[in-house]
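Taking the hints into account, I'd like the entire structure generated from these sequences.
Using my numbering, read the sequence shown as starting at 1 and increasing by one per residue.
Hints are not guaranteed to be accurate.
Unchecked claim - Calculated pairs, SDA-like style, for lysine to any residue (alpha carbon to alpha carbon, straight line, at most 20 Å):
no. : residue 1 : residue 2
1   : 34        : 83
2   : 25        : 45
3   : 25        : 37
4   : 195       : 208
5   : 196       : 104
By construction, these hints were calculated from the structure, which means they are not laboratory data.
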Amino acid sequence: MTGYLASIQDKPSYSRRIDAWKAMKLYWDGIDPKLIDEPMARTYYNRRRVGPATVRYELMQLSTALGWATTNGPKLDRRIPVWLPKPPETKRRHLDHREFDRFFEAVVAPHARIYMMLGLYTMARPTAILQLTWDRVDFMRRQIDFTPPGHVRTSKRRTIVPIATDLLPVLQEAFMARTCESVIERGGQPIACIKKAFQAASERSGVHATPYTLRHTGAVWAAEAGVPMPQLAQFMGHDDDRTTQKHYARFSPGYLLGVADAIRKRA
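In structure tokens form, the structure reads like this:
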């Protein structure tokens, strides 16, 4: 594993994979790869006592490292199969309009309210919003560029999106009151984590929401308003609209209604 990790030091996923190996090391370090089988992987799954998605990620990393070892370092003579738990069903929570209004009313801190508006109206991922600086907010063109200089592109693509009419005055007011380059800041310091603001607002309002809830909420509302899936995919930073179709097409007006209505039609 150490050889594989050393080979990906320049990859964006390196730090996450290092953290994963720290959790895996006690069980897997020193084991002869040729002894790895399904019962061993299942035992690891049962002992970890974390979610299936976490264990699946760790076992996939083990599988990748073993694959790397077939052509690098002390080569294995064959690919070692690694059992994986089934991927969990993804739960994409979104708020309806009343829930969002109730939740937003419970958000107190100014920086948190700005974040909520950005999260809803840009559908950007939490890290992209927290890393946003004012030099990438173009009021003349009414655009926000979520890609910082030197950013290494990953599967989670950053986007350039227009500034919605409801969002524009919020950003203009925040810009006039700015005390540093970061859009989401408090007391002149950038905010690194927004989770506590969500937890507090959830407790006060009785509406549970996380930073990702806003991304999904914005996408659902756009789909409900009839936005075509290819446009929504581009807005969200999806490479194509297959992912968008999978999660949001069912919220579109008349979704598959033509198919349902065609069943009883006669030539």
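Taking the hints in turn, this is what the structure says about them:
no. : hint        : verdict
1   : 34 <-> 83   : 14 Å, holds
2   : 25 <-> 45   : 14 Å, holds
3   : 25 <-> 37   : 17 Å, holds
4   : 195 <-> 208 : 12 Å, holds
5   : 196 <-> 104 : 14 Å, holds
When each numbered hint is compared with the structure, no violation occurs for any of them.
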